[in-house]
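Trainee: Work out the full structure, taking the sequences as your base and the hints as a guide.
The opening residue of the sequence shown carries number 1 in this note's numbering; numbering runs sequentially from there.
One or more of the hints may lead you astray.
Restricting the straight-line Cα-Cα distance to at most 20 Å, the calculated cross-link-like pairs of lysine to aspartate or glutamate (EDC-like) are [as the list claims (entries may be wrong)]: (1) Lys24 - Asp190; (2) Lys24 - Glu188; (3) Lys24 - Glu91; (4) Lys24 - Glu183.
Listed next, with one range per pair, are the computed distances between beta-carbon atoms [said to hold, decoys possible]: (5) Lys24 - Asp289: 39 to 47 Å; (6) Asp287 - Thr234: 18 to 26 Å; (7) His288 - Glu91: 23 to 31 Å.
Because the hints were derived from the structure by calculation, they are not lab data. Don't be surprised by glycine CBs; every beta carbon is placed ideally from N, CA and C.
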Amino acid sequence: MIPVTVLTGFLGSGKTTLLARLLKSPEFARTAVIINEFGAVGIDHDLVEAGEESFVQLETGCLCCTIRGDLEATMADLVARRADGVVPPFERIVIETSGLADPAPILNAIMSEGARGSGLALGGIVTTVDAVTGLATLAREAQSVRQAAVADRLILTKSDLAGEAADLRVRLAALNPRAPLSEALFGEIDAGVLLYTEYDRLDDFHTHTHHVHADDIQCIAIRRSEPMRALTLTLLLEALADHCGAGLLRLKGIINVAEYPHRPAIIHGVQHIFHAPAWLEGWSTADHDTRLVLIGRGLSEAWVLNLIAAIEAEIAEIAPQQAPAPL
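Mentor: So this is what it looks like as structure tokens:
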């Protein structure tokens, strides 16, 4: 599996500066980077310097739904060249998006390419927020709100110029209470913050439920100790895709599948597209609870719980327990 990390954030939030510094660090060896820009002129090429062991793929154009096919083609080309030995054997991909990019079609492109058997899987979303102008940007630009809301991790940039930025921290905590917030001082940050993936620490599927109603975006968490049958999971994802559609900005979870109690499944979804579950080799902790996180509009914990209960009741009537199929 090759994890793909999405580095997003609104215009001027410091993504390129951050990435340029990180590409010089030893931790970024064996990393392929796709840089996308808004506009026809490639300006980031002059700003990014890659170490000898890093392969950088530069692309022009904003990463949005109108050029989604280009992103998929770029990822497929990278994987093919890796297999042919044309480029160094990178172990991960980082995509730096345009500041105007909607994260949803980018995540859909990653999941669609992974479904084709490329070995790619969404590793996580990291969003940069400018400590100086971030509060005003969130109030003015709906795109910046979506970028922050779907993040697995938030990075506060330029905090050396803005001090504590207490109001912005409160705003981000209300918008995305589940995402750890890190600081980049003078463009410097630990590479592990960006290279972190959901597969590294299952603990980061936080266990406390938050009911957030910021900018009409809800962030809810479902936790259950009872294992979930594979058919229940399949039907649940189909129902969420049908009923939530574009309103579901992000879904992620770790699932205790009844048929495979020793191998947790990691799931990701955006709008009506869901990545095939990634089966891990085992649980990293004694906690084997199923945990689901949903971010979007028109969501409620009660509705999701009732949906799960209805699916389970229907399956209990029509589908007896069956032996698991081999993975």
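Trainee: If a hint holds in the structure, say so; if it doesn't, say that too.
Mentor: Evaluated hints:
| no. | hint | verdict |
| --- | --- | --- |
| 1 | Lys24 - Asp190 | 12 Å, holds |
| 2 | Lys24 - Glu188 | 11 Å, holds |
| 3 | Lys24 - Glu91 | 16 Å, holds |
| 4 | Lys24 - Glu183 | 19 Å, holds |
| 5 | Lys24 - Asp289: 39 to 47 Å | 40 Å, holds |
| 6 | Asp287 - Thr234: 18 to 26 Å | 24 Å, holds |
| 7 | His288 - Glu91: 23 to 31 Å | 28 Å, holds |
The structure shown violates none of the earlier numbered hints.
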